[in-house]
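Hey, can you work out the whole structure from these sequences and the hints?
Keeping their order, the protein sequence lines are chains G and L. Everything in the first sequence is counted per numbering that gives the first Met the number 0, starting at 0 for the first residue and increasing by one. Everything in the second sequence is counted per numbering that gives the first Met the number 0, starting at 0 for the first residue and increasing by one.
The hints are simulated quantities; they were obtained by calculation from the structure and are not laboratory data. Heads up, a few of these hints could be off.
Just so you know, same-sequence chains aren't split out, so a pair can sit in one copy or run between any two.
As the list claims (entries may be wrong) - 30 Å max Cα-Cα, derived DSSO-like pairs, lysine-lysine:
no.: 1; residue 1: Lys70; residue 2: Lys168
no.: 2; residue 1: Lys186; residue 2: Lys67
no.: 3; residue 1: Lys252; residue 2: Lys186
no.: 4; residue 1: Lys78; residue 2: Lys179
no.: 5; residue 1: Lys78; residue 2: Lys44
no.: 6; residue 1: Lys242; residue 2: Lys127
There are 2 protein chains.
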Amino acid sequence: MELNYKAVIEYDGTDFFGFQSQPGGLRTVHGELLNVLCRVFSNEKISISYSGRTDAGVHATGQVINFKSNKSFELSRLKWSLNSLLPDDISVRSLDFAEQDFDARRSARWREYNYYIINDYYQSVFLKKYSILLCRELDIDVMQEACRCFLGSHDFRAFCSLNDANKSKIREILEIEIIKTDDFHQKNMIIFRIRANAFLYNMARIMVGIITEIGSRSRKISDIELGFLDKDVNYSGSMVDAKGLFLSNVGYKVF
Amino acid sequence: MELNYKAVIEYDGTDFFGFQSQPGGLRTVHGELLNVLCRVFSNEKISISYSGRTDAGVHATGQVINFKSNKSFELSRLKWSLNSLLPDDISVRSLDFAEQDFDARRSARWREYNYYIINDYYQSVFLKKYSILLCRELDIDVMQEACRCFLGSHDFRAFCSLNDANKSKIREILEIEIIKTDDFHQKNMIIFRIRANAFLYNMARIMVGIITEIGSRSRKISDIELGFLDKDVNYSGSMVDAKGLFLSNVGYKVF
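Here's what the structure looks like:
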């Protein structure tokens, strides 16, 4: 019987051309995973399904993948082997056997992304690859209000890349919040946590873009409503840099 | 009148051959700082004093430096300029004017280092450059007890590098503690926090080495006492890797 392996994957997106395999041999997370799985599973043809296609430069702490094989391995030994063979910027956080019909993409009920902004004049050396620095003043209350406009089901045609290939642009935002944190190493960190049933191409970064522009008063909250109505990308702000974005969590139905 | 500039510096030590300038043009934190200061201060001869000479691969969140110049700059603008010119792996956290007789090295009352160990089978991608992975079981209670043996003034001849050039090997450990933490991204993190009036060459890493060997029962607590008595390096454990070590804080007398 085929076994269905499910893994939670973590990666530093800095040196990858995104998750999905690319023509021309560009380095991708999918490519590196496939290389290692083919070695461990002795060149068996492995097909990887994954919860979210992250762009070049986007990081993950909770990307979920699954793949099937007739070969049976003890899970903790397999996890150890994979982590020994994977490059330093990818690792397997957890590994389980899933039900036969579990599919990391199709079974996912929601995806959650976190976006990190340092709203200060100083960005810690240790956060430069994982956050963006915004020096201009941001009105958090207005941004919270803007977040609430995104909640629920909407047509996100105005808030995704023109290159998005999905037929339906309707997506449901289940949760969206802004968390302000301060610690010894970094003051004035703002985290956007966005949970949706699914995301269109560049949707999370475009949402964070318009919300921060609303926070610095260069756009109005009404632009969100107008974007939903007119479906015109002119209502969206500038997209924020990939390096601040993390695919943090994926939710599944309980089998 | 000469102004005495005092700065707190942060750096990711991964790509540096330590703090101190080296012959042969190796990349050092001191070298990069000096380059940028000479540019900003128009090739004035700048001499940098610093609180602690960190080894190749050691990081800092709280290295303190000072330098003198007749040129007067507005501090927030100077900090911004320096951070714009410095490479991504060094930055100036804070900048102040200090009293004339303040010297980052001579005026320091204590230095504090943190060492990060992941005591698990899994090390987060985002911590690989900033911690070491130790899979073997560690007895935290025994390690806490070993820590207490180091408290106070001792001759650290057995617990420093043979290359240490200091005449007196007597140093005073003011505080030493082990903190166990757990978070979503990384379970079973152990932080060693060691505060001493000053450290000998490799002393912090050798101390962490013997304490972890005591924690895994490959050495005994009595080896610390014997090391102090016999001053023989055979009583010390293996030195832990530089990448887990951070110079985190330096304390000064109040002027």
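**Prompt:** Which numbered conditions among the earlier hints are violated in the structure presented, ordered from lowest to highest?
**Reply:** Going through the list in order, the structure violates hint 1 alone and respects the others.
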